[in-house]
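Visitor: Each chain, letter by letter, is given below.
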Amino acid sequence: MTTVAPDSNRATQDGAQHGAERSSTSRLTGQSRALRSGPGRGKALRSATRGRPRLFTSYDQDSALLNTSAKRWWTLAAISIFLVLPFWLTRDLSHLLSVAMVMAIAGVGLNLLTGYAGQISLGHPFFMALGAYTGAVVAGVPGSIVIGWEFDLSIALVLAAVIPGLVGLVVAPLATRVRGLYLAVLTLGLLMLGEQLFKQWASVTGGSGVGRAGAVPVLFGNDLERTYAVGPLLIAPHVSLYLLCLTLLVVLAVAARNLARSRTGRAFAAVRDRDIAAEVMGVNLLRTKTLAFVLSSAYAGVAGCLFAILIGRVAPEQWNILMAINLLAIVVIGGVATISGTLIGAAFVVLLPRILEWLAPWLPFVSTGSGGLITVFQLESILFGALIVLFLILEPRGLFGLWHRVRTYFATWPFSY
Amino acid sequence: MATVASTLLAGLGDGAVYALIAVSFVIIFRATGVLNFAQPGLLILGTYVTSVLAVDRGVPFWVAAVIAVLVVAAISMGIERVAIRPMIGRPVFSTALVTVGIFIVLLILAFRLFAARARTIADPWQLEQWCLVQGETLCAVSLYQHHAGKIAVVAVVLGLLGVWLSRSRVGLAMRATSLDQEAALAQGINVGRMFSLSWALGGGLAALGGILLAANGSVVQANDALFALVALPALILGGIDSLRGAVVGGLVIGLVSALSSTYQPIHAPWLGPNFENVAPYLVMILVLLIRPYGLFGTKEVQRL
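Line order of the protein sequences matches chains L and C. Each residue of the first sequence is one higher than the one before, starting from 5 at the first, in the working numbering. Each residue of the second sequence is one higher than the one before, starting from 4 at the first, in the working numbering.
Hints listed in this document are in silico derivations from the structure and should not be mistaken for laboratory results. It cannot be assumed that every hint is accurate.
[Claimed, not checked] As a list, the in silico EDC-like pairs of lysine to aspartate or glutamate whose alpha-carbon atoms are at most 20 Å apart:
1. Lys75/L <-> Asp64/L
2. Lys302/C <-> Asp244/C
3. Lys302/C <-> Asp183/C
4. Lys302/C <-> Asp279/L
5. Lys203/L <-> Glu321/L
6. Lys302/C <-> Asp64/L
7. Lys203/L <-> Asp244/C
Note that this is a predicted model, so its numbers are computed, not measured.
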């Protein structure tokens, strides 16, 4: 064996694996018969798969979470880069990245509801607020007005998912009755009523214009506001918060992606594309829409809880329609019904103001004071609005679509199709 | 009893403006199937142009208002041509989001134009009142002139619009387009021009709504654009594609808002200040619970 050439070596091994069946039929049908049956079912020859990452020879392979090796490697690389990033970024930047990750969690939740299940919601910030205040009550410090039970953050995070989820469950029957744009305005009404409620409920939210601090980050008894030394590494408070957000984002994003490729995810897509047809095919509309609502509310709740911790102080006015637009922009600019797109979109939307601030000195018409044509904030908002319009008109699949185009270009090079 | 009457009159006055704004949403929705979230931006631009002309330049109020309506109608037509026409055939959700993007741009533009100053629009009514029923010492039932003015203007405009839509050739073409675009095209109607026209109409009505909204004797700021969102519950309440529904919805929302601003602080103070801003949404949600397509909305016929 050791003396033969590499190619024949592989062939011999494969032949030995598949045994007699392969030898009898391979002459007629090439590999196909061997692929469908026998002990190595679904496994193509390595020589056949090399350089053809999208050759799937079994259904399991095709619907795998990360179905090509390139995706696996890039995911691994991205996660490891983001793991070491906070250790040499400034405190400020890693805080900003944490916010981006929290918005990504909320965006993934909204994408499950709006992108996958096709139910437009402008009420997402309401559920984020619910999560934030649940977390703040369960794990916050009591003040002169506000209540706080000072439990562990792990309990607070679980409850911050459960309580918005339950409220979502209560609201869902109403939301499943109305469709399309009616639903969009209905959820906007939910947002407005929620804001009024939060303004009045001072013992929980601190009241209008005042607000309250978020949950105290004590996770499993470890106070994340202290600096820990793990071997040679010093984990500062902002690093540990960053790592907490990263962990939750990875877990929740993988869960969402996993859900999207499951039976439930396909039911979501069927409801989005034509709900009557989905119903005819045996998808339970009420259950599917309710599930989408509950899940997305739970995601929003977790995100809201983390957001309150990161920002430090949240007022009831913060959860307004502009935040709803931001979240929708994350979904749309990133890419509707793609999880990876949502992550890019969240990074883009959260980092855009900072990038423009950096660029401002080089842009002649932008002023940092009040003298110039427009301020950085105005430029940022205008650009934000314009980008939503441009993406929807020119690239409806968002940043993910742009990436897809680039990838396809190189994958099919030198052909242009 | 006297308070009720005053409240109802004020409610009808505000409700007339909401009805006008809701009608502007309906006109655009029926022609192009777009819920135009950019209406608040157009509305505040209308107010701004009127204010600049009437206060800074000294143009008579009515001339300024007409010019403002025409300017905003032109802007609206431009928006349709540039941003909405390419979205034909795309999901309603995407197109609605495009208008959200335009809304942000217009709102920031308004902030830039207003430059953090509060403006007035020099309307002829200001804070004058008419006394309808004389009490013993004070006036028992009073009517602000601006409320009466609003009702009159809206009634005339909507009446003319109704006649024009039902009697004129172009109105017929517009109704045909909103019924079935392809069939209208086959009848020789220039559907693209109808789109432009309905957006111009919608924008112009929104601008007029903004002018009337600001005509209450007090100042107006860029942030007041968000008041146009009150027309959304009116729109949904009446049914998104019904002109009659928009008028009824607008009046109902105006009355609900006025009644709650009068009675809620007395009878239900625990609901908090400014409850009249969210009361319309509560009414809308209750109506949607019973009628998912609003009071007069067309139930969507679904095909597989």
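Visitor: None of the hints should be skipped; say for each whether it holds.
Guide: Status of the hints after comparison with the structure:
In summary, the hint linking Lys75/L to Asp64/L is supported, as the alpha carbons are separated by about 16 Å, within the 20 Å threshold. A distance of roughly 10 Å separates the Cα atoms of Lys302/C and Asp244/C; the hinted pair therefore holds under the 20 Å criterion. A C-alpha spacing of about 16 Å is found between Lys302/C and Asp183/C, which places the hinted pair at or below 20 Å, so the restraint holds. About 15 Å separates the Cα atoms of Lys302/C and Asp279/L, which keeps this hinted pair within 20 Å; it holds.
For the given pair, Lys203/L sits about 8 Å from Glu321/L by alpha-carbon distance, which is consistent with the 20 Å threshold. For the hint linking Lys302/C to Asp64/L, the alpha-carbon distance of about 42 Å lies beyond 20 Å, and the restraint is violated. In summary, the hint linking Lys203/L to Asp244/C is not supported, as the alpha carbons are separated by about 34 Å, beyond the 20 Å threshold.
Hint violations for this structure: numbers 6 and 7, all remaining hints satisfied.
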